[in-house]
Every structure is written in C-alpha cells, then in structure tokens.
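Read off the chains here:
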Amino acid sequence: MMDFRWDILAEYAPFFLKGTLLTIGLSIASIIIGTVLGLLIGLGKMMRNKLLALPFSIYITFFRGTPLLVQILLIHFAVVPLFTGGTNAIAAAIVTLSLNAAAYISEIFRAGIQSIDRGQMEAARSLGMTHAQSMWNIILPQAFKRMIPPLGNEFIVLIKESSLAALIAAPELMYWGRAMQGQYFRVWEPYITAAVIYLVLTLSLSFLLSRLERRLATE
Amino acid sequence: MIEVRNLKKSFGSNEVLKDINVTVKPQEVVVVIGPSGSGKSTFLRCLNMLETITGGHVCIEGVDLTDKQTDINKVRTEVGMVFQQFNLFPHKKVIENIMLAPMKVRNVPAEKARAKGLELLRKVGLEDKAEAYPDSLSGGQKQRVAIARALAMEPKIMLFDEPTSALDPEMVGEVLEVMKQLAKEGMTMVVVTHEMGFAKEVGDRVIFMDGGLIVEENVPIELFEHPKEERTKAFLSKVL
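Chains as they are written, first to last, in the working numbering: chain W, 7 to 225; chain G, 260 to 499.
No lab work stands behind these hints, which were simulated from the structure alone. Among the clues, some could well be false.
[Unchecked claim] Below, in silico cross-link-like pairs of lysine to aspartate or glutamate (EDC-like), each with a Cα-Cα straight-line distance of 20 angstroms or less: (1) G:K352 with W:D123; (2) G:K277 with G:E481; (3) G:K352 with W:E219.
No experiment lies behind these values; they were computed from the predicted model shown.
Please construct the entire structure, taking both the sequences and the accompanying hints into account.
Okay, structure coming up:
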C-alpha cells in the first residue's frame, strides 16, 4: 500500500475507461429491458386467473432463488449457444442481468401498484375509462413514484452485479481490474480503482433518482 | 331512468342485497338512508357495476347492465359517481383531473376539455384552483372538484356515495349547496347520505334500507314525519 504504483494505473487508465463505458452500457441496457420485462411480469403475476399467473410466479421464483453467477454461466455457456451456435459475452451479460432484474422489478411493480388505493381505479373506471386506460393514466404514474426508492436499490444492485460479467470475459470494468492484477500481481491498485469507479457510478445514479423523485412531487 | 329489478348481491356467502326493486325517474332525486351495513353503498355501486351483480337486473336508460353484450364503459360515461373519499387523482392538477376522462374516453381535444373544465370549476366556485394539486385543497374543495370531474362527462345520472361523510362539519354546506344546484337543474340523482336535512329539502323520495332490503320508501315529509315500519322509526329516532 505504501508504494501505490500510479504508473501502472496510468497505463491501464484507457482500459478502465473502456471498461467503465461498457459497465454503464450493460447497466443501462439491463435497467431498460429489466424494467419493461418487470412491468409485464408483474402485471402477469397479478392476473386473477391463477393458472395464467403461475408461469410468472415460477419465473420470479427461479430468478430470485438461484445465484446470479449460476445464471450468467448457464446463459453464457448453455442458453445463448443453443440459440446462436456461439457465445457472446456482452449479449449473455445483458440477457442475464435483464432477466434477473426483471424478477425483482416485477415484485416492485406489484407492490407499487397494489399500494395505490382501490378508489383510484374505481374513480377512473366510473368515468368510463377502460382498465388499461386507468392503469396507464392513473395507477402506474402514482405507483411509479412510490417505486423510485426500491427501483433505485435494484438499479444499484444491478450496476454492482454487472461485475460478474468479468467471469465470462465481457470486457467491462472488473474485467480490466482483473487483467491488471494478473499482469502486475498487484491487488490494491486495480481493485481500489474499480471500487472507486463503481462508487461514482452508484452515487451518480442515486443522485439522479432523488432529483427525479423531487421533480415528481405534487405538493 | 334507472330500473332495478330483483337485485341481489353477495360477497361470498354474505348476502348484502337481498331483493331490491327501485325505479328512478328522469330528473328525480332519490335519497338512500339506512344504518351502516344496510347495503346502501353496495346498492349504489351496483348501479354502475363497480360491484358485480349476483342476481337480478339493473337497467340504465334502457340498457341492461347484466347483459354480457353491454359495453359497461359506455354506460359509465352516462353515470357520474362521487365518492366518500373523493378519489381525486393526486398526481394531476385539478383541471387535469377534470379534463382527463373527456379526452381519453370521448377524444375531446385538449383545448375544448380545458374550457369545459374551467366552466365546471366556475360552477362549483373553484376556478382559481385549476392549476393546484388536489393535496393542497380542503376536503370540501376536493369534493366539489370531484363533482366537477364527474360532470365533465355530461352524465345523465349522478350517484353520490356519502359525499359529505369524510368532511369536517364546516365544509358540508358548500358541497350540499353544489348538489342542490344540480338537483335544481334537473339532474337525476341517487344520493346515499346521512344528511337528513338534505334529504328533506332536496329529495323527491327517500328510501330507507336495512339488512339488504328496502324497508320503506316515501316522499321525505311522510317518511320522516310518519314512518310506518318499526325499523324506520328506530333508525330515525337515533339520527334525527
């Protein structure tokens, strides 16, 4: 620790930059896909017909109940090759992170939607709006506001867990950290650097979400 | 025109409405009173199918709600409802609360919906609150906005489910005043309320419900001054 080697850090700086950009890309893609999927799965699980809702419950149970690392390896080495005949680490990382996040986000959606007073749906329906119109215009905007804090947690977890993509050689931030460690047999420089960059990413996201929360305030 | 024939409603094994028969004529104001748990709110909610109907028929302007072919959303545009808890949309401004349904359901252009909304707000005395959010309003103001919101769909019938029960006493008057005005303009109204003064003054007919049945109905003066049934007498002696 005493002889922190800034020179190797400078040498790896462009790689860390590239890795950080990929981490941001993986995270944004997975947040968007995971949120859309999560909404659909959450609505699916809320269907009154228990038989139709069952597949969505099973989905959530599977993705919440198994380790993300196992999911990444399964999807990278087994599922993606099954469809494309080859492997693609970045695609596998996005797919896994999205599917995994969707399971958690669907429960956040469900909790958010169910926390809205029944009277809101009744008022909307009594005005002649369809169920879908009421959901979209009345329930979801209110539910979304309440969902921001738990969604923020989920997005932060997702950014951090994207580091597991290093294990399937997706050249994101942690991948370059490990590469640097492997080349110079130094531990402090690469890992502290990676930690600081992850911290900057998650703090920025928290900041953005709290701004959003304040913008949506109605008082 | 509302026609209710042999209406039954159960929640599981609990039969809340046993056999309701009522006709509400155009421009009539019918006030429904009764102890809590008598089924009066459930009855009202059956009139626009916020509750699914277990048995019997409800016809609104000749359309049978229990008919599977009936487009319930279309019927609901003709039947406005005002709730005890207001149920304003808190994420939308007052004027947006009023504009939303005409725009989404009737495809009214925004400008026209806004003009109509402002006109309705003027009518309920809240034009200056158009750009406010519901959370900044008092209970009485919220309920008046809720009435304006329901009126924006130009309904033929208005249902009021204990519209003043959640209000502080000093705000009850302003809401009743708007309702009286509506009645004067010839709106067909069904009002579930504990405001006996309103029932007497504005009601064309009062229905007393108890135990899921209509126990007695009459013009207000008769029902209040000369109730025939023991249950009506017992109830009135407690509330008057």
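Quick rundown of the hints versus the structure:
1. Annotation: proposed proximity of K352 of chain G to D123 of chain W holds, straight-line Cα distance about 18 angstroms (limit 20 angstroms).
2. Taken as a hint, the K277 of chain G and E481 of chain G pair is broken in the structure, with Cα atoms around 25 angstroms apart against an allowance of 20 angstroms.
3. Taken as a hint, the K352 of chain G and E219 of chain W pair is honoured in the structure, with Cα atoms around 18 angstroms apart against an allowance of 20 angstroms.
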